[in-house]
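Q: Mind docking chain B on chain A? Use the hints.
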Amino acid sequence: MSDRERILSVIGGSTGVALPSPWPGPSLEGALENRFESELKTLGAELVTADRLKELAGASVFADSDVPEPLLRGLVRTEDVWSADLGITLADYGIADTGSLLLTAGPGRNRLASLAPPHHIAVLSRTRILDTAEAAIEVLPSRTAVIVSGPSRTADIEGVIVRGIHGPRRLWVLLTD
Amino acid sequence: MPRPPVEAFARKLAQSTTDSVRRATTGASNARVATLDRTFKDPGSARHHAAAIKDYVLDHLGELLQQLEANCTSHGIRVHWAVDSASANEIIVGICRSAAPDGAIVAKAKSMATEEIHLNHHLEAAGFTPVETDLGEFIVQIDHDTPSHIVAPIIHKNRFDIAKSFEREKLGPYTEVPEELAMQARGHLRESFKSATIGVSGVNFAVAETGRLVIVENEGNNRLSTTAPRIHIAVMGIEKVLPREADLPLFLRLIAGSATGQRATTYMHGVLAPRRSDEPDGPDEVHLVLLDNGRSAVLHGDYREILRCIRCGACQNTCPVYRQTSGHAYGHVYSGPIGAVLAPALEGITAMGHLAKSSSLCGACEEVCPVQIPIPRMLLQLRDEAFRAGVARDSAPWSVYAFGATHPSTWRAGLKMLPLAEATPVPHPLKSGWGEFRELPHRRGRHFRAWWADRP
Numbered sequence: 044m045s046d047r048e049r050i051l052s053v054i055g056g057s058t059g060v061a062l063p064s065p066w067p068g069p070s071l072e073g074a075l076e077n078r079f080e081s082e083l084k085t086l087g088a089e090l091v092t093a094d095r096l097k098e099l100a101g102a103s104v105f106a107d108s109d110v111p112e113p114l115l116r117g118l119v120r121t122e123d124v125w126s127a128d129l130g131i132t133l134a135d136y137g138i139a140d141t142g143s144l145l146l147t148a149g150p151g152r153n154r155l156a157s158l159a160p161p162h163h164i165a166v167l168s169r170t171r172i173l174d175t176a177e178a179a180i181e182v183l184p185s186r187t188a189v190i191v192s193g194p195s196r197t198a199d200i201e202g203v204i205v206r207g208i209h210g211p212r213r214l215w216v217l218l219t220d
Numbered sequence: 035m036p037r038p039p040v041e042a043f044a045r046k047l048a049q050s051t052t053d054s055v056r057r058a059t060t061g062a063s064n065a066r067v068a069t070l071d072r073t074f075k076d077p078g079s080a081r082h083h084a085a086a087i088k089d090y091v092l093d094h095l096g097e098l099l100q101q102l103e104a105n106c107t108s109h110g111i112r113v114h115w116a117v118d119s120a121s122a123n124e125i126i127v128g129i130c131r132s133a134a135p136d137g138a139i140v141a142k143a144k145s146m147a148t149e150e151i152h153l154n155h156h157l158e159a160a161g162f163t164p165v166e167t168d169l170g171e172f173i174v175q176i177d178h179d180t181p182s183h184i185v186a187p188i189i190h191k192n193r194f195d196i197a198k199s200f201e202r203e204k205l206g207p208y209t210e211v212p213e214e215l216a217m218q219a220r221g222h223l224r225e226s227f228k229s230a231t232i233g234v235s236g237v238n239f240a241v242a243e244t245g246r247l248v249i250v251e252n253e254g255n256n257r258l259s260t261t262a263p264r265i266h267i268a269v270m271g272i273e274k275v276l277p278r279e280a281d282l283p284l285f286l287r288l289i290a291g292s293a294t295g296q297r298a299t300t301y302m303h304g305v306l307a308p309r310r311s312d313e314p315d316g317p318d319e320v321h322l323v324l325l326d327n328g329r330s331a332v333l334h335g336d337y338r339e340i341l342r343c344i345r346c347g348a349c350q351n352t353c354p355v356y357r358q359t360s361g362h363a364y365g366h367v368y369s370g371p372i373g374a375v376l377a378p379a380l381e382g383i384t385a386m387g388h389l390a391k392s393s394s395l396c397g398a399c400e401e402v403c404p405v406q407i408p409i410p411r412m413l414l415q416l417r418d419e420a421f422r423a424g425v426a427r428d429s430a431p432w433s434v435y436a437f438g439a440t441h442p443s444t445w446r447a448g449l450k451m452l453p454l455a456e457a458t459p460v461p462h463p464l465k466s467g468w469g470e471f472r473e474l475p476h477r478r479g480r481h482f483r484a485w486w487a488d489r490p
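Same order as they appear, the protein sequences are chains A and B.
Each residue of the first sequence is one higher than the one before, counting from 44 in the numbering used here.
Each residue of the second sequence is one higher than the one before, counting from 35 in the numbering used here.
One chain only, chain A, in its complex shape (with noise of 0.2 Å):
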């Protein structure tokens, strides 16, 4: 007997337990928009607008070729995801609820952009900000997918939190009408 077969016969069949109706979730007052941005910061991430790009100027830049070009003047390209300074993507959805970000996967976008370099800026339609996760896992597409709420962290060392162990150590969300 293979191995699938024995742990199935094991396990054998159901006794007609019933599947409860999913959480509803939370329902959200007020604008999304402020909320989100509330949240956003104090996960440690930060709303920008496109001037705070300036500050930037030099930077190498890993960029998702999704993101729209006028974004990226004066910072250097680069095609080495691992050395860049700053990964730049668009983000689907955000999340008001928890100022998080959905991304995925999909031609032109890499995992890595958001990951691998030290500082990640997500590109954002003011209209794809949704109110809670259970809104956006209904929209969550047919590939892989990535949450995103704030930077990476770690309290592994006494509980202090250290950003940026792994992924990104700054979060930046740029908001486009």
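Simulated from the structure, these hints should not be mistaken for laboratory data.
Careful: at least some of the hints might be erroneous.
With beta-carbon atoms standing in for the labels, derived distance ranges [claimed, not checked]:
1) Leu-395(B) - Asp-128(A): 50 to 58 Å
2) Ala-100(A) - Pro-135(B): 38 to 46 Å
3) Val-119(A) - Gly-110(B): 33 to 41 Å
4) Leu-62(A) - Pro-39(B): 38 to 46 Å
5) Pro-135(B) - Arg-95(A): 42 to 50 Å
Keep in mind that this is a model prediction, so the values were computed, not measured.
The beta-carbon is built from N, C-alpha and C at its ideal position, and this holds for glycine as well.
A: Okay, now just chain B, sitting in the frame of chain A:
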């Protein structure tokens, strides 16, 4: 009377270890309460809902696993079934051999399932080089130690211990600053991510309806381990399946809040498939190893609900015994209240039954459990089983008490002798061990039996 193993271990702990464990567990417990109260209007009903979904999963486990298998396969994820740890290790080593040369680096993300099967040992024996990439697990590995907590593997170490280890491993100039230590580890582990052919991870939730493997983490090492290497192997206990994607938000909130007091973990990686032809990066192969290792048998016994566990570690953080003894005292990869049930359930009462006594039965573990596992009830039952199997013994005074309390004539004789015993100036037998830090009650008035016989 020899002390039970957990207590004997705890007595030898350095004060600094006890301090580290107590500080971290207390902090995590407080953060948990604050976050769950903010996340849910009624945390109790959310936990109840999650428990009901898990009970559905356990009842329909066979169907859900087959549905998961079919959906994973349809996206190109290769599914393997492992009846025990030997089988799981053989499968994983086999995948490594087919894809990587001898000595190749295997980037490992934190995973209790791989700890359970002692995967690193098997990879090393087969000539591979596993590198733990989670900061805590990395420190465990360079110190040849074992993790002492499900979520915080080095909860028993402080910054000075870590500073010495990093100096010994020549990771950089000596420092005791957590930020600097972390950055030294980052620099060192970068090379492993870049050169690894294979990445191994666990799975927190696998969605049957779509075949999506969900992994939560804060550091990013898990995403790196499952993205950069050419092959990703995910190892998952069979009970980790969830029916629908719509069930994810509740469980994501519960695991983040219960484990670390976060409203959301930094990353929720939802792996649906290997790299598709139109995607620029990601692994070419994704393998899912479904690990039974005793779980299917637990399903049909009295400890079934322990399979609801989502490995958040909240019961460890709240447990007064864990806080005093640390995880290593339990002598198993799963420690604390969850370990005291899971270890004997998976490995048998003879090997691990003594753990049932490492509890005060205060009930805090059940109170904090995000899926409402009745751990105290299970611990009581395990005590009974362990006692009957002869692996847990009562100390001599308690054995005398138990005999008397279950034999009415002996009890009556004992009561008559009680005034005599109290008048004797020898040390009371209960004044060592159990009674060492307890005040015994003073007898007042008449015996209950006498009162009962004379009542009007």
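Q: State for each hint whether it applies.
A: Evaluated hints:
1. Leu-395(B) - Asp-128(A): 50 to 58 Å: holds (56 Å)
2. Ala-100(A) - Pro-135(B): 38 to 46 Å: holds (44 Å)
3. Val-119(A) - Gly-110(B): 33 to 41 Å: holds (37 Å)
4. Leu-62(A) - Pro-39(B): 38 to 46 Å: holds (42 Å)
5. Pro-135(B) - Arg-95(A): 42 to 50 Å: holds (46 Å)
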